[in-house]
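Undergrad: Using the sequences and the hints given, assemble the complete structure.
Note that my numbering gives residue 221 to position 146 of the sequence shown, counting from 1, and the numbers run on in steps of one.
A portion of the hints provided could be inaccurate.
[What the hints assert, rightly or not] Heads up, simulated DSS-like pairs for lysine-lysine below, C-alpha to C-alpha not over 27 Å straight-line:
| hint | residue 1 | residue 2 |
| --- | --- | --- |
| 1 | K260 | K114 |
| 2 | K205 | K114 |
| 3 | K205 | K242 |
| 4 | K205 | K187 |
| 5 | K229 | K242 |
| 6 | K114 | K174 |
| 7 | K221 | K187 |
| 8 | K229 | K114 |
| 9 | K196 | K142 |
| 10 | K221 | K237 |
| 11 | K175 | K114 |
| 12 | K221 | K174 |
| 13 | K237 | K251 |
| 14 | K174 | K187 |
| 15 | K175 | K221 |
| 16 | K175 | K196 |
| 17 | K229 | K187 |
| 18 | K242 | K221 |
Since the hints were derived computationally from the structure, they do not count as laboratory data.
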Amino acid sequence: MENKKGGEKSPLNSKRRKQSMDLKERNPKPKSETVKEGKIDRTYFCPHQIGQSFYIPARDAEGNLIKDTDRVGQQRVINGVPLFRDVLCQFETISRGTKKNPDDTLCIYQLKADDRQYQDKFEALERMRKDASTWVMNETEYNKWKNPEAADFKARVAELEKANAEKDSVIAEMQKQLEELTKPKG
76 MENKKGGEKS PLNSKRRKQS MDLKERNPKP KSETVKEGKI DRTYFCPHQI GQSFYIPARD
136 AEGNLIKDTD RVGQQRVING VPLFRDVLCQ FETISRGTKK NPDDTLCIYQ LKADDRQYQD
196 KFEALERMRK DASTWVMNET EYNKWKNPEA ADFKARVAEL EKANAEKDSV IAEMQKQLEE
256 LTKPKG
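TA: Okay, here's the thing in structure tokens:
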């Protein structure tokens, strides 16, 4: 089998994949709820880690990828694949925890809607969120992880409110039909 870059698959990749599966079984992440599409401010949490970082591709003013060049100015290529520059983005450390309570360790990343590279950062953060080997979570997952009973209660309340709203709309429609039927003809 060949990988994306044209080389053969190494046995290390299968070991890493197996380790990732083991991590997924040991540290199950709560299922995320559907997220509204579009550019909105988002917050990603990473508990149990002092720092977390990720790379996104560097772009120029027009939105084109910036080529990675050598000293002469020629674009770098590895195995026929052109290389592009990356930008390092880091989570902000909120608390470092203590020896007695290391669970207090937390870092966050706030993604702003007006960011020029919103889509690149969003895709990288979502990729990290879905990866079982990282602790990156969105806000709903973090709340569910921090206090599962409250998250379940909040979800049930939202479900009941939605059901009540549907019933209210049905009642309003039936009242309109009743008024139409009871109107005097003439």
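Undergrad: Give a verdict on every hint.
TA: Consistency of the hints with the structure:
1. K260 / K114: 53 Å, violated
2. K205 / K114: 19 Å, holds
3. K205 / K242: 36 Å, violated
4. K205 / K187: 20 Å, holds
5. K229 / K242: 20 Å, holds
6. K114 / K174: 39 Å, violated
7. K221 / K187: 24 Å, holds
8. K229 / K114: 25 Å, holds
9. K196 / K142: 19 Å, holds
10. K221 / K237: Distance ~25 Å between K221 and K237 Cα, so the pair holds.
11. K175 / K114: The hint is violated at about 40 Å.
12. K221 / K174: 20 Å, holds
13. K237 / K251: 21 Å, holds
14. K174 / K187: 34 Å, violated
15. K175 / K221: 18 Å, holds
16. K175 / K196: Violated - the C-alpha atoms of K196 and K175 are around 34 Å apart, more than 27 Å.
17. K229 / K187: Distance ~26 Å between K229 and K187 Cα, so the pair holds.
18. K242 / K221: Judged against 27 Å, a Cα distance of about 33 Å means the pair is violated.
In this structure, the earlier hints numbered 1, 3, 6, 11, 14, 16 and 18 are contradicted, and the remaining ones agree with it.
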